[in-house]
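When you get a sec, could you build the whole thing from the sequences and use the hints?
Chains as they are written, first to last, in this note's numbering: chain R, 167 to 320; chain U, 12 to 420.
Simulated from the structure, these hints should not be mistaken for laboratory data. Predicted model only: the values in this text are computed from it and were never measured. Do not rely on the hints blindly, as some may be mistaken.
[Claimed, not checked] Taking lysine-lysine pairs in the DSS-like style, the calculated list, with each CA pair at most 30 Å apart, reads:
# : chain 1 : residue 1 : chain 2 : residue 2
1 : R       : K274      : U       : K187
2 : U       : K187      : R       : K260
3 : U       : K187      : R       : K306
[Claimed, not checked] Cβ-to-Cβ under 8 Å is the rule here; a few derived chain R residues that face chain U:
#  : residue
4  : L176
5  : T179
6  : D222
7  : A225
8  : S226
9  : T230
10 : A233
11 : L235
12 : G237
13 : R238
14 : P242
15 : Y243
16 : D245
17 : M247
18 : D250
All C-beta atoms in this analysis are idealised placements derived from N, C-alpha and C, irrespective of residue type, glycine included.
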Amino acid sequence: MISRARWGRLRATSWAATGLVAAGLAWGGAGYLATKPTDLHDYRVAAVGAAHSAYDALASADLTGTALLAGRVTGPYADSMLGDARDALAGAAKQFAGVSPPDERTQKMRDELGPLLIKANAVLPGTASDITDETLEHLKPVEDALDQFVEEHE
Amino acid sequence: MKRLLAVTLGILTAIGGFVDIGDIVSTSEAGSRFGLAHTWVLVVGIIGICVYAEMSGRVTAISIRPVFDLIRERLGPRIGLVNLLGSYLITLLTLAAEIGGVALALQLLSGASYLLWVPAAAIVLWLALWRVKFETLERVFGLSGLALVVLLVGIFWLHPDVADLKGQATTFSPPKGENWPTYSFMAIALFASAMTPYEVFFFSSGGVEERWTPRDLTISRINVFLGFPLGGLLAFGFLATSAIVFEPIGVDVSTLGQAVLPAGMAFGRIGLGLAILGVFAATFGAAMETGLSAGYTVSQYFGWSWGKFLRPRQAARFHVVVLVSILLAVAALLTTIDPIQLTEYMLIFSAVVLPLTYLPILVVANDRGYLGDKVNGPFANVMGVIYLIIVVAAAVAAVPVMIFTGMGG
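Encoded structure:
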């Protein structure tokens, strides 16, 4: 016959053991995910994500620039939007640089997207005062190329 | 006029609850990625918060005590403590996100980095909570938040394809190019943002601040059934304008600046200015609500004097909790954590703790010891139980969906 106190201790021990096993499994799972080598799928997801972020940044800058030239938004607002776009581009570049291509096919993706991200950074106006019809014209081809990259590899 | 102004508590609570920084960005993101396919979630959220806010308002008006106070008394200090820890942590995260939202709105106006505005926003917030009357705060910020109506009007000004929008709004599945997990992630985030725990605690404590009695039951109900749907409608303005401007060109909204751009496109600088003013008022109002809610819940749990209806010296510990919460929020923001990302995490973790908030309210609202013959009727109970099931489902699904989709990416 098991006493009530002993039963309570057994129950507490089994709960503690279950908790430890669960924590161990979670730790192991997280460790596996963190150290798993990049495969084609991972690389494609990272590249498409980076291209999409870069496209979002340029397209938003384009909309803002058009609105600024039409007198529909203010200079400080446009500056803030361009700052956000720059941050988004930097984030995209960091995300893309964080994964290495595992095979030839992904190396081709890298060779395609890498220069596009550099170009996106170059054509993005620095401040609201840099926005002109001409600077906005330079945005469009890079936007289209990024959009096409996303569509091809999504 | 006095009667009209009496509904500003509901308007402030709802504007803070429905169009705080997290809602603005997540609703706009949902619109830009899924069109109007999440409209039904907004409707479900509005009904849900109305069901539980009505219960909280009734409990406050009849018992003349706030809900959190009764939860601790009715369910005991242990369950009360679990409830306190869950809701305080979420409220603190929300407070940080709201101060960040105020700073981001000021960045859009000035062009200067939001990090420069964070300390200034926090000081003004603390001074307002310490010195300014509750009624003044709710009227100024509740009513200024109504400037967001500009986005609702903007829906028509942007000349959308109405048939297409109608089709999107009556679709209950993700559009082409999106998948079910991200659609569900967004649905959970939007639902959690409508049902954020601090809303009911703030609303019921606000009722005590305004000295509601059983005679004010109607005022309480008008606040609920006018204020919350209005807040939901303003949130719909962000959803719809993003669906009109960004969805067709495939741009995902992820910043506050993008969320207010449609107002500028529709009405020019004045429209943009009104939208930013509305965002400023809504986020400042939400920062006030969360700052006060932090003080309310902690003080009510420990049985301290609380509230703005007392002089600061009479409720010193309440004001200390508010001040410490603001300082913790500022410290979190000054680590340069992105306020928008902070809010997205907050919404998902908020979904996890929702049952801790709403189950006790349902229990208290059925207690004749507090409410006499004003306990829940069959309809309120049926709705309460249905929403409790939805809340539990959202709580269970929140973290797995977050991990599976990589925060909806």
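Going through the hints against the structure:
1. R:K274 / U:K187: Holds - the C-alpha atoms of K187 (chain U) and K274 (chain R) are around 27 Å apart, at most 30 Å.
2. U:K187 / R:K260: Within the cut-off at roughly 29 Å; holds.
3. U:K187 / R:K306: 24 Å, holds
4. L176: For L176 (chain R), the interface hint is violated, since the closest Cβ of chain U sits about 24 Å away, which is over 8 Å.
5. T179: This interface hint is violated because 23 Å lies over the 8 Å limit.
6. D222: 5 Å, holds
7. A225: 5 Å, holds
8. S226: S226 (chain R) check passes; min Cβ-Cβ to chain U is 6 Å, inside 8 Å.
9. T230: Holds - the Cβ of T230 (chain R) comes within 8 Å of chain U, reaching about 7 Å at its closest.
10. A233: 5 Å, holds
11. L235: 12 Å, violated
12. G237: Holds, because the Cβ-Cβ distance from G237 (chain R) to chain U comes to roughly 7 Å (cut-off 8 Å).
13. R238: 4 Å, holds
14. P242: Interface hint status for P242 (chain R): holds (3 Å vs cutoff 8 Å).
15. Y243: 5 Å, holds
16. D245: At about 4 Å, which falls below the 8 Å cut-off, the nearest Cβ of chain U leaves the hint on D245 (chain R) intact, so it holds.
17. M247: Interface hint status for M247 (chain R): holds (5 Å vs cutoff 8 Å).
18. D250: 5 Å, holds
In this structure, the earlier hints numbered 4, 5, 11 are contradicted, and the remaining ones agree with it.
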